[in-house]
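S.K.: Below are the chains, spelled out letter by letter.
Protein chains: 2
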Amino acid sequence: MNNNFEKRSIWLENRKVYMIEQNLLPHKYEIFISENYKKTCFAIKTMIVRGAGAIGAAGAFAMWQAANEAPKNNYNNFIEKAKEEIEATRPTARDLFSGVESVYEKAVISPEEALKAAQKFADKNAEAGKKIGKYGNSIIEDYTNILTHCNAGRLALVAHGSALAPIYEAHKSSKKLFVYVDETRPRNQGARLTAWELNEAGIRHAIIPDNAAAWYMSQGKINMVITGADRIATNGDTANKIGTLEKAIAAKEYGIPFYIAAPLSTFDKECKTGKEIPIEERDQNEVLYQKGQDKDGIIREVLVASPDSEALNPAFDVTPAKFITGYITEIGIITSEQIAEIFK
Amino acid sequence: MNNNFEKRSIWLENRKVYMIEQNLLPHKYEIFISENYKKTCFAIKTMIVRGAGAIGAAGAFAMWQAANEAPKNNYNNFIEKAKEEIEATRPTARDLFSGVESVYEKAVISPEEALKAAQKFADKNAEAGKKIGKYGNSIIEDYTNILTHCNAGRLALVAHGSALAPIYEAHKSSKKLFVYVDETRPRNQGARLTAWELNEAGIRHAIIPDNAAAWYMSQGKINMVITGADRIATNGDTANKIGTLEKAIAAKEYGIPFYIAAPLSTFDKECKTGKEIPIEERDQNEVLYQKGQDKDGIIREVLVASPDSEALNPAFDVTPAKFITGYITEIGIITSEQIAEIFK
Chain F
29 MNNNFEKRSI
39 WLENRKVYMI
49 EQNLLPHKYE
59 IFISENYKKT
69 CFAIKTMIVR
79 GAGAIGAAGA
89 FAMWQAANEA
99 PKNNYNNFIE
109 KAKEEIEATR
119 PTARDLFSGV
129 ESVYEKAVIS
139 PEEALKAAQK
149 FADKNAEAGK
159 KIGKYGNSII
169 EDYTNILTHC
179 NAGRLALVAH
189 GSALAPIYEA
199 HKSSKKLFVY
209 VDETRPRNQG
219 ARLTAWELNE
229 AGIRHAIIPD
239 NAAAWYMSQG
249 KINMVITGAD
259 RIATNGDTAN
269 KIGTLEKAIA
279 AKEYGIPFYI
289 AAPLSTFDKE
299 CKTGKEIPIE
309 ERDQNEVLYQ
319 KGQDKDGIIR
329 EVLVASPDSE
339 ALNPAFDVTP
349 AKFITGYITE
359 IGIITSEQIA
369 EIFK
Chain W
29 MNNNFEKRSI
39 WLENRKVYMI
49 EQNLLPHKYE
59 IFISENYKKT
69 CFAIKTMIVR
79 GAGAIGAAGA
89 FAMWQAANEA
99 PKNNYNNFIE
109 KAKEEIEATR
119 PTARDLFSGV
129 ESVYEKAVIS
139 PEEALKAAQK
149 FADKNAEAGK
159 KIGKYGNSII
169 EDYTNILTHC
179 NAGRLALVAH
189 GSALAPIYEA
199 HKSSKKLFVY
209 VDETRPRNQG
219 ARLTAWELNE
229 AGIRHAIIPD
239 NAAAWYMSQG
249 KINMVITGAD
259 RIATNGDTAN
269 KIGTLEKAIA
279 AKEYGIPFYI
289 AAPLSTFDKE
299 CKTGKEIPIE
309 ERDQNEVLYQ
319 KGQDKDGIIR
329 EVLVASPDSE
339 ALNPAFDVTP
349 AKFITGYITE
359 IGIITSEQIA
369 EIFK
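Protein chains in written order, with this note's numbering: chain F, 29 to 372; chain W, 29 to 372.
These are computed hints drawn from the structure, not numbers from a lab.
Treat the hints loosely; a few may be bogus.
Same chains, same label: a pair holds when it works inside one copy or across any pair of copies.
Derived DSSO-like pairs: lysine-lysine, alpha-carbon spacing no greater than 27 Å straight-line [said to hold, decoys possible]:
1. K372 <-> K323
2. K162 <-> K350
3. K249 <-> K67
4. K56 <-> K323
Build the full structure now, drawing on both the sequences and the hints.
M.R.: Have a look at this one:
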């Protein structure tokens, strides 16, 4: 095993934003470099950078870039407009707003202050991932089979990940694990990214069709579920990748503990219940087409559906708090009742 | 609208077995012709023909072909071995065994008797589809949104289909419908075949990622669920395409009626509960790769997962009877208690 999960997925270098190009994984490992805030917005929107924490850091860095680019004679107006533009890239992701807001407060003072705030936000996210790993590991027993949905590994946070952080830690402490990886249609972040990360870390796993999760639960093969989150309301309702709700309902049916792993920046104190969370509807072509590598190593997009049919593509769903056993955060494992206390 | 759903998906012509090549749909409509039982076995195994009823008819026709090919001096032995070979092509499908057995009884007498039995089995299946349509239509109200999983339209039975039969009938009687079509990974029979069939019949629908079903249920968008079945135990437990269980659990959570539509040939009187049903594990490459049409119209297979990871691919799951509201059959809509009565 290696400790790659401690490395950054997004960082500043020579006053430019560097990030792992997640759309090219698992076929190619490349770094995407953004010199200005519009390019960082593009990276968020097209999911070059994705995952709650990584998006948050991208938003924070973009906000600093905007401050840096703002003309002196139109400074406040420029950063105000940039803020709106950045926030519109992925409307469901709470971390994006956390990142943007924490930097915006300082950006109104100066670009230098904004830079410090952005770096601090990124560091804090990586640190949160590390702590989530430690707390989460405390509830993973030896010989555990864990189901995870979508991608919440080291690529999804600045480092360590959220859902995978406890799994990395448990593996590091020599616990025997097996991870069932939901492929996570339509964009296959599980099959493409989570499987890639688990491979990199040397953790035993298998990709399964999203449809198979309940079946393995019914057969006693899954002992616990851990997923990440995109936004958590103060009552504990959680927006995460489409399909999370379906797995949570099945887990409840079979009495399997279902945990959300997320830093506090994913919690939205302005949001009282899941009903208030906007659900991003993405391009139907993400469902109708599939991108992958052919036998000659060329990335191609193929139509995998009836050519005259349309598709619906809600990117997220909301899992009510009643299906969630606990929330693994950087301050410990908390219940939905405690969330309301913390954010009141 | 047209009445294509009344046409056969598999039939005899010039003493050869004709079937719609389902692997080429929706991109190409072609007929596959089989001149001998081994070729029909190949068609079942590779899913050129698929869907419970269509497989049953293919098995019946294959059994006749074997009788026809059997050498006089080794007749019984030959058809005995052929029977085993045909039955091994798709071990979960009850209809396959129904088809093979009903013809085998006559094949031991003569190839001519086998031919009559095979044709009778196919006719009966088409007739069952028609009646399933009529009974099912009686419980569909005007303005209903229906979820279906996998493919159980006209391609899946000899004609009319099972799960889609009531939908065709309701549409024919001018009821306003909208069908949510689970894409049904890993082989996408929903996106490829069900969407194609609904298009052909002019029925409004949208393909959704399998992950989205529970979300639409939670939003009150789905009024009922109808799926087909591959094998039904006498206690009502039902084996069907992987993911059926997950949708059934979610439907129960939201109080949405969940129906199985299947001819009596899908019920296995030897099978007391779902635990006795063997679950076919298929090639992991069906999960790791996706086949589709590129922009130049060429069918290509692309890797959609991390190249160093493995996948699990259970083709079916078992939905316990407690999640099933009723069974739409050619003798009416029955409950799990009635199944035990009928098959005792």
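S.K.: Decide, hint by hint, whether the structure agrees.
M.R.: Tested hints:
1. In this homomeric assembly, K372 and K323 never come within 27 Å of each other (Cα to Cα): the closest approach is 55 Å inside a single copy and 53 Å across copies.
2. When the C-alpha separation of K162 and K350 is checked against a cutoff of 27 Å, the pair qualifies only within one copy, where the shortest distance is 25 Å, while the shortest distance between copies is 40 Å.
3. Neither within a single protomer nor between protomers do K249 and K67 lie at most 27 Å apart by alpha-carbon distance, with minima of 44 Å and 38 Å respectively.
4. Taking the shortest alpha-carbon separations for K56 and K323, both the intra-copy value of 15 Å and the inter-copy value of 23 Å come in at or below 27 Å.
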